[in-house]
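Two chains, two separate frames, one set of hints: put the complex together.
Top line first, the protein sequences correspond to chains F and D.
For the record, in the first sequence the residue sitting at position 215 is 207 according to this note's numbering, with numbers rising by one throughout.
Numbers given in this note's numbering equal positions in the second sequence, counted from 1, plus 805.
Be aware that a few hints might be false.
Part of the chain F face toward chain D, derived, beta carbon under 8 Å [to be verified]:
hint	residue
1	ALA177
2	GLN181
3	ARG229
4	GLN245
5	GLY294
Covered stretches of chain F (chain D as the covering partner; in silico rule of three or more C-beta atoms under 8 Å from a C-beta of chain D) [unchecked claim]:
hint	stretch
6	121 to 128
7	306 to 313
Treat the hints as calculated values from the structure; they're not laboratory data.
In this text, all values refer to a predicted model and were calculated from it rather than measured experimentally.
Even for Gly, the Cβ is constructed at its ideal location relative to N, Cα and C.
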Amino acid sequence: MPIATTWVLAEAAGGKPLGVTLELLSKARELGGTVEAVTWGGDAATVAPELGKFGATRVLDAGDIGDSLPGVAVAAALAARIGAGEGADVILIPQTYDGRDIAGRLSAKLDRPVLTNVVDLAGGDQPESCHAVFGGSEIVKAKFTEDGPRIFVVRPKSFAATESGGGAPEVVTIEVPDSGATNAAKVVQRHVEERSGPKLDEAPVVVAGGRGLGEAEKYSLIEDLAKLLKAAPGASRAIVDAGWVPYSYQVGQTGKTVKPTVYIACGISGATQHMVGMKGAKNIIAINKDQDAPIFSLADLGIVGDVHKVLPKLIEALQARG
Amino acid sequence: MNVVVCVKQIPDPSTPGQLDPATKTLVRGGKLVIDDSDMYGVEMALQLVDKAGGGEVTLVSMAPNSEVSGLRTGLAMGAAKAILVSDDALVGTDALGTAKVLAAAIKRAEPDLILAATESTDGYTGTTPVQIAELLGLPAITFAKHIEVADGTVKVDRQTEAGYDEVSSPLPVLVTVTAGVVEPRYPSFKGIMAAKGKPVDEVKIADLGIEAGQVGWGGARQEITDIAKAEERKAGEIHVDEGDGAEKVVAYLEKLKVI
Ligand SMILES: Cc1cc2nc3c(=O)[nH]c(=O)nc-3n(C[C@H](O)[C@H](O)[C@H](O)COP(=O)(O)OP(=O)(O)OC[C@H]3O[C@@H](n4cnc5c(N)ncnc54)[C@H](O)[C@@H]3O)c2cc1C
Ligand SMILES: Nc1ncnc2c1ncn2[C@@H]1O[C@H](COP(=O)(O)O)[C@@H](O)[C@H]1O
Chain F
-7 MPIATTWVLA EAAGGKPLGV TLELLSKARE LGGTVEAVTW GGDAATVAPE LGKFGATRVL
53 DAGDIGDSLP GVAVAAALAA RIGAGEGADV ILIPQTYDGR DIAGRLSAKL DRPVLTNVVD
113 LAGGDQPESC HAVFGGSEIV KAKFTEDGPR IFVVRPKSFA ATESGGGAPE VVTIEVPDSG
173 ATNAAKVVQR HVEERSGPKL DEAPVVVAGG RGLGEAEKYS LIEDLAKLLK AAPGASRAIV
233 DAGWVPYSYQ VGQTGKTVKP TVYIACGISG ATQHMVGMKG AKNIIAINKD QDAPIFSLAD
293 LGIVGDVHKV LPKLIEALQA RG
Chain D
806 MNVVVCVKQI PDPSTPGQLD PATKTLVRGG KLVIDDSDMY GVEMALQLVD KAGGGEVTLV
866 SMAPNSEVSG LRTGLAMGAA KAILVSDDAL VGTDALGTAK VLAAAIKRAE PDLILAATES
926 TDGYTGTTPV QIAELLGLPA ITFAKHIEVA DGTVKVDRQT EAGYDEVSSP LPVLVTVTAG
986 VVEPRYPSFK GIMAAKGKPV DEVKIADLGI EAGQVGWGGA RQEITDIAKA EERKAGEIHV
1046 DEGDGAEKVV AYLEKLKVI
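Next comes chain D alone, as it looks inside the complex (with noise of 0.2 Å):
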């Protein structure tokens, strides 16, 4: 079994997020890193392919400067190879851009499955794998918290509003994945070397017969109109507790009438 897992690359999110006040987006470049959501995916590939006993995890990302970093990580846990989208004209690209892309370099790969995150840690529009889908002509299934394949068969636990639906899928399907689906395995020392000689192909829109129209700014057909801070929550009082913390917050709640 074949499985392709999308990964983003993003900046570090433990360095505080910046707007760009010119151009009103996201400050990107620097050194990139795999989104911790996507973990999960390439984990839960790397244990599909492990069980159905044979066929190889192929990483898809797209990112417009050459960044492979974050792709590394993914090798290095076990990916056989990946695919980069890599292109000048992809700055600005919004999540029905970013899903034509990668629908197209994922077609490359004939993968039986496709995982995606739920959502991305920067980005978090959380739409892109369904368009992904839709532009395969695939069925998907999102907000995976259990998956199984057997048979030609996908089975998954989806989360839902009152619980969780079983739902089930011939292959070839596109699946999203919550965080917690699995653990997630740390790269060992042999894997970050492996990792170093897996091949990266990376290649142009172009080369995916994708229009430099259809993505960036101009393909996004929506404008930012402004930034502006939100309104401020102060912080309140601060009690160190000596014992009588308890005391504190139950004559608050008496103050506010909810007790």
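Bound conformation, chain F alone (with noise of 0.2 Å):
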């Protein structure tokens, strides 16, 4: 039976849908059907012309979700609306901390599969997901053998995002039922870490560094160069595990994905947890001191040098140009 309706996680922050929430309804539209769009958070009333806008026809809001996690309250919600009999055949999730939750739950309540990790979707009766594997060397390919909700859990920046001209849609509030124990954890307080400059999925340029950086206090050669080039600084995991940057920072598989037009690759040994989060860069420029480094296998300029001595002089030459 073809796709009629797909429901889109449409992930929202500041009143404003994400990125990876854009690319989803873009390709929804692609499998035919109706899309629609699930809000939480509250802010359903400002984000849906947008929704709208990439070809949401409807969003389903669970409305302000007050402190409990979005997991527990957003799967109980649609959980009881695919009861109900108004559920959808393709659910599209986006990869991130609470797409993740909300995926497992949702797939233990209907006791439904689920794909995560994809990176592309081809339309059809029983659609096909691809999965980048082995740091994105290799594409897998997979289908469900059954119909009913079809939960794949996709990694931003898989699609383009592309403006279907829609109008605003109608939102339709949906019921949250009470989790009981498994709603027992609230949040108590949140915390924003401040990042200045171009964001790291958005930026046309970013500069990462690693562990090649020595110590902490190097990395403000990735920030000294990041400005000059407007652009967003970025980590391997090693760096952000030893706690010289921030979580939000990293690249790779745990981390961003990031496609921009360069990437500059800093003291990173390129581990395939890195690469497949950088890989789809336009242009890779990898300075590394070793030249087996697996970086080098896929960078348009390597570098074999010490960065130390490298970005200092690099810094110095943008500089000059004012």
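Written as structure tokens, this is what we have:
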């Protein structure tokens, strides 16, 4: 049976849909059938027009979920709707912190499997998903073998966001049933880490640093270079784990996926889990003192050298240009 | 306080992975090791039990081939015992099937706290722990970068898109930890010797009341249709810096009109 309805979990922040939400809406249109966006967090009215522009014809709003975690509240609301016979054939969920929680809860509630780490999706009666494995060197394709809600968890930056020219969609409130003990975890306080400059996953240029910088203080080389190039600073997991920079800087499998025009990797070895997050960059520059570092296998320009020599010179040269 | 840590045993990640062209899945077998990602959970559990002044750490693992070498590493770090679910029927089990098996095994240990990693190194679906929590009817807090337990309540700093949230929950609860939440200890020689005598309770899925149809290839209700090499990026120009590396980069950025 052709796909009749697709739900897109429309995660938003600060009154704006995330980029991945718009990407998923764009792909949902290709699958055929009706596209409905699911919102939570209390700003449905604000984000609805934008969701409509990218193809949502209706918004199902779980509303302000207060101090509950979205994983529990949103999954409960969707499971209830599916139970009432108003479900979807495909559910597209962004691979974000909250998206993954919602997918896990929903899967267990419905007793339906999930396909995660999706990087592409082809339409048809039984849509086929692509998954990047081994640092993106091989692509595995998969399908569900049954109908019913097919839950796909999709990595950001997998699809282009394209407008459909749709008008503002109708917003329908969906009920969030009481989840009892599973809803006992509550958010007590939210902390926002300040970040200056462009966003890592949107910046046209990304300058990323790794353990090759030697010590936390030397990350300032990355920040200085990023500022000169109006770039976003990024990092490998090694230096995030070491506490040099916050987690929000991390590029890779467990961090952000970036597809900038230029990615400059400084003192990063090029582990498969790092490369899967940045190999979509149009141009890659790598600076590493080890000429056998795996990062050079996909660099368009590789500089075999010491970051402590190359970076200060580069910064100086760019400063001189004004 | 009793803590269960989910410990996945995986092929050594330092040897390159392989896909079996016939079954189209990761080739498993050979000696398995503890997934590095789970070392953080084991360490966290040991520290929390220590602080609580009593209780023990139980490791729970599912592996098709009676493999215990990864569990021994966790026992050598200081965990008291382990439950291993091993069964031929488990080959091909997906994340939800794994969650069903682990949930049933975890129930036996009656823990106050369950720890898992945010995602495994080889499977990285990242959904298994939350599925376990849902099946057990428990709250879950994912992406923990700091954990404290006091007076029957767990307080977690949870990584978010914007920064982090302080999240609090009564016990029992499942928490997934990020790498870097604690520094895992190396097993000592004494620990390694002691681990050899620690109990590993090996059970079959029937012992847990799970039917073969719920797990394995059939239970997964998904199929791999194709494996293909991704379009390869070619290496470009490699230049050994002789004081002119920065110039090369500037010229390249100019060519791209970035500067
Ligand atoms: C489940 C899982 C998920 C993961 N997710 C991610 C992820 O999302 N992102 C990620 O990045 N990693 C991730 N990793 C970790 C990954 O495997 C690597 O450990 C990590 O990327 C290494 O970081 P690095 O390149 O900075 O450090 P290293 O691998 O230690 O490399 C440092 C490099 O710096 C070079 N160097 C040293 N000194 C200098 C110098 N003076 N000048 C120039 N070069 C120098 C060295 O030659 C070396 O190549 C994950 C791992 C697992 C198991
Ligand atoms: N077979 C398994 N045995 C024990 N724990 C597991 C198993 N599979 C997954 N887990 C736990 O769940 C986490 C997430 O796994 P995954 O969903 O595969 O990314 C892992 O890091 C482990 O803590």
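Results for each hint:
1. Because the closest C-beta pair between F/ALA177 and chain D is about 4 Å apart, less than 8 Å, the hint holds.
2. With a cut of 8 Å, the hint placing F/GLN181 at the interface with chain D holds, because the nearest CB-to-CB distance is about 4 Å.
3. Given hint, F/ARG229 at the interface with chain D, holds; its Cβ is 7 Å from that chain's nearest Cβ, closer than 8 Å.
4. Checking F/GLN245 against chain D by beta carbon gives a least distance of about 6 Å; that is within 8 Å, so the hint holds.
5. The beta carbon of F/GLY294 comes within 4 Å of a beta carbon in chain D, closer than 8 Å, and the hint placing it at the interface holds.
6. Check on the stretch 121 to 128 of chain F: 4 of its residues sit with their Cβ under 8 Å from a Cβ of chain D, so the three-residue criterion for coverage holds.
7. Counting residues of the stretch 306 to 313 of chain F whose beta carbon lies closer than 8 Å to any beta carbon of chain D gives 5, which meets the minimum of three for the stated coverage.
No hint from the list above goes unmet by this structure.
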